[in-house]
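Novice: Below, each chain spelled out in residue letters.
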Amino acid sequence: MGQGMSDHILLPEGSIEKLTTTLNLGPTHPATHGVFQNILELDGERILKSVSTVGYIHRAFEKLAERRPLYQITPLTDRLNYCSSPINNMGWHITCERLLGVTLPKRVDYLRIIIMELARIADHLICNSIVGVDSGAFSGFLYLMQYRELIYEIYEEVCGSRLTTNIGRIGGFERNFTNTAFEKLEKFLAEYPVQLREFEKLFNRNRIFMERTIGCGPISAERALNYGFTGPNLRAAGVDYDVRVHTPYSSYEDFEFTIPVGKTGDCYDRFLVRNDEMWQSISLIQQAYNKVKEFKGTEAEVFHADSPAYYLPEKKDVYTKMEALIYHFKIIMGETDIPVGELYSSVEGANGELGFYLISDGGRTPYRLHFRRPCFIYYQAFEELVKGGMLSDAVITMSSLNLIAGELDA
Amino acid sequence: MSLTNELIQQKLTDKFGEELTDWVQPYGMLTFTAPKDLNLKILQFLFDDPELKFQFLTDLQAVHYPANKGAELAVVYHLHNLSDNIRLRLKVFTDINTPDVFSATALYASANFMERETYDFFGVNFKGHPNLRRILNVDEMDYFPMRKEFPLEDQTRIDKDDEMFGRG
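So the protein sequences, as listed, match chains A and B.
Just add 539 to wherever you are in the first sequence, counting from 1, and you've got this note's numbering.
Just add 827 to wherever you are in the second sequence, counting from 1, and you've got this note's numbering.
Among the hints, a few may not be true.
[What the hints assert, rightly or not] Here are the simulated DSS-like pairs of lysine-lysine, each with C-alpha atoms no more than 25 Å apart in a straight line:
1. Lys723(A) - Lys835(A)
2. Lys602(A) - Lys975(B)
3. Lys896(B) - Lys602(A)
Calculated from the structure, these hints are not laboratory results.
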């Protein structure tokens, strides 16, 4: 370097003598797929140390929830894991129903399962195809993405919105599924398996992909449990824990399905477990749809529980019926007191066990509400997972963990 | 033999006697309260006992009860025995002026972020935590926002100039 040059460049003190490089991965970086920061200490391309910072999109949902009646909290849950909002919505509804003691008709449970499993597929297909993109295989992403669009159209048909869905109500759905919704569902069931098989053909035994992901970011079953892993990431390490089986909700006990497990807990196993779960979800949707078709006559019109004190009445009833108007007013104004109680309820979110810890002191709003966000809990293992690996391994480890910033920060 | 709430309560009472109080089972989950200096001993016992095997920390958070003088903050642990599929809830109350509670990070790696979050929002000082810093809020923040003395804005207030917010 010439004498003149060095006068202009201001380097931090000690940075020349230092043999390692400090690199910021995030907060806004294409490879993080969300807003969170990792400061990596690198020796060449090897990661010696990493420090994670989260909280860039913290929105104080738990505080906000303390001033909202139950039905107003649903839109907050949308924004946790926004790749599978319906599961969060349903998880919240199920928590409320358990607190309020509302039981649902079977048809509603089955419709919910259809929606939840669609959401799980939407979430897993994003995660898996992004693992592909981050390891250099872009086309699989486009193959699957068109089916996420179809899933979103089904949501749209059911609730009117696509990404942050606010789907359903406490006690059921806001309206019955339309014929178009079922037609789209049939289209999905007919076409998606073909596409998924093609996707698997592209990846599962692809030598480049296998060499890229096998042994990358592995975790043992014991460490995974100690780190509070749940969901596909835990199952990839070989533990068959699934909330749908261990604490069934929404009539999951009526269905036949298996829990796919992996062995090594590395990126490849996580990828395979998610793919297998998509197959299980397709089968669950098919089974649920068959059961829904069995309802005949007035039973086929049931889309909510008979619980007028908590279920928002239909708008046209509000205009014409006295009782509906009263209940509508009481629910909207938050005049309905909720029972005193303390409850932890969880569902199998796309990322793991999504829990709601709700304390009610009997007022119109929760006294305290805590979201157990699976992402937030397993993200702390990231440092251990990438230590000693290459920089590019950190990127695919991050995407195969399926970190969603909305869920990290609440 | 599968584990039941009664059996767990029996084993814990045999070990810790009258120290554990307020045994209840809201919505089927065994819940009890322990003195705060015993929390690690109880967690360790639940972890190590060959029958209890509560080795999975599902969740950890705090609750603020301002009216409960001398024990305003409750730290709540949700534990899960995955092999027998049974959960329990342990509560530890602490004074808000000396909110020191022993950290569970040595037992559960997952407690690290959860305790930081609890510290961040409630100011519970987890003793023995390797890195007790704020996690979701900015480092410069000098209060603990989830405590009840910080209410959300009253939506009926009229002293604010709504025009600035497009609501005028």
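Novice: Taking only the CA atoms, is the gap from Lys602(A) to Lys975(B) under or equal to 25 Å?
Specialist: Holds: Lys602(A) and Lys975(B) sit about 9 Å apart, inside 25 Å.
Novice: Does the structure keep Lys723(A) and Lys835(A) at a Cα separation of 25 Å or less?
Specialist: holds, 21 Å
Novice: For the pair we were handed, Lys896(B) and Lys602(A), check the Cα-Cα distance against 25 Å.
Specialist: Holds, at roughly 22 Å.
In this structure, every one of the numbered hints holds.
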